Amino acid sequence: MSSDTVRVRFAPSPTGFLHVGGLRTALFNFLFARKTGGKFILRIEDTDRTRYVEGAVENLIKTLHWAGLEYDEGPIAGGDYGPYVQSERTDIYKKHIEILLEKRVAYRCFCTPERLEQMRKEQEKKRLSPKYDRRCLLLSEKEVQDSIASGKPFVVRMKVPEHVPVRFSDIIRGEVEFMSDRVDDQVLLKSDGYPTYHLANVVDDHLMKISHVIRGEEWLSSTPKHVLLYEFFGWELPKFAHLPLLLNPDRSKLSKRQGDVAVEDYRAKGYLKEALVNFIALLGWNPGDEREIFTLEELEKEFSLERVNKSGAVFNIEKLNWLNFQHLRRKPDTEVLAMLKEYLTHSQNSLQFTVHSSQFDDQYLLSVIGAMRERVTFVKDFVEKSPYFFQAPKAYDPAVVKKRWNQQTPEHLKVLVDEFSQLVSPQKKDYEAALHRAAESSKIGNGGLIHPLRLAVSGMGEGPGLFDIVLILGKEETIRRINLAIERIK
RNA sequence: GGCGCUAUCGUCUAGUGGCCUAGGACGUCGCCCUCUCAAGGCGAAAACACGGGUUCGACUCCCGUUAGCGCUACCA
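Numbering (the numbering used here), first residue to last: 799 to 1288.
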């Protein structure tokens, strides 16, 4: 490229949902663009009509937007180098195929898929690496013209030069070299008139003035084909950076079967975009110091390709959970409140809220958030880990009953109810003092009352400070629950 | 099979020849705090794949072995 402006692209093919590996590739491209003041471009690689999925493009854009990775040029948004959807650029590819044909660095191939398959089988039998045998390269000009005239379907293949080293420099991996003999005469234009990835990719990257090709490591092996194509056209090579793969816990390439791979899945499970972005940024990249928690804005400032690793990284859900916890904790109350309300309205059906009718005012929810903040990883945990703030206990944890509840407990709690009943607009310290008085008059330790009370109001043996719970629930509800527990726990 | 890439605690990683008796984080375990559970604090167990070189000196450089992964389509 003549200018030194950084232009990078994320070029997914719309075959379904956005894969977390794809999001990572998109993120690194985005961060590199932001860091260098360059442009981040979205290009849709939909040249395989058989794999096209309805709505996939919209979903891709939606998911990228959710993650905060806004593109500067691309479908819908537009830009000076469009269209950004490859299926709308077929004329461009055809024009470039003509150039290659003209230069004799590409040729038409009339071989049928059946013959190709047969050929491959035989090569495999002889333990040769499968490679097109160049039969159609031997066709005379007349034979070619006749075949075209007779309407025989054909593809266009690149003519790979024999026995020359193909070298390129990868920002992450250094110098990489392949011998051209190992490179197949790759199909560039399919018989349906659509280009293959290899052609479309090179043509578009050049035409869109892409300065850095940042993509997954699975593309490293086909890069020689691309390098050759740039040479054929006489174009300057972009810089390459092949990112390490994301792996399953068993170190195979990240896939379904072993968990969720769609960004949508994580979003649906309640993961914050901040956590997911932070997590995948750390998969293959690190700042060089000991910081772990990053916002997207911080990543934009810190990122560099030089600090990207070479080896694959296992997608470790435990750390993602921890990051979700960290990012959730850092959110202001008002934001958490909005998320909690959103969650509550969507889960109304499965829960029967019995506290304070079915509506919880902001003040109430805010106090629940304050009490549970240190104890939740997901927004849903506010309800799942402390359901007692939303409904009276339906059952009492048997293990806790066994440990904290004895024959005298109901008597002691009755004394406590008396003490609580006399309180007027009690504060936390008032409940505490009342409990102390009740314990004293029953001649038991505070713990003998605290634990049963916790069980009575929450049904479980864990949670925020007991007096925080009682204060949040309020005097009436607390007394109601104590009486309920006395009736129900035997 | 061929070609290519990779190789530090279970996992993510720091480390660019002496600072390494290898640092941090997640997870695990223990202790402290404490009405419980968390959070927090403190601490523990836990790694340089192997073998050769190069060098006064290798986790770091080179070679080989092994292992893992990727590619090997008219898919991207």
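The set of hints was computed from the structure by calculation and includes no laboratory data.
Just so we're clear, the structure is a prediction, and the values are computed from it rather than from any experiment.
Errors might be hidden in some of the hints.
[Claimed, not checked] With a straight-line Cα cutoff of 30 Å, these simulated BS3-like cross-link-like pairs (lysine-lysine) come out:
#1 950 to 940
#2 929 to 1051
#3 924 to 940
#4 957 to 988
#5 1099 to 1139
#6 1288 to 1200
#7 1212 to 1227
#8 860 to 1212
#9 1212 to 1178
#10 1129 to 924
#11 1200 to 1273
When the hints from earlier in the document are held up against this structure, which numbers fail?
Structure breaks hints 3, 5, 8, 9 and 10.
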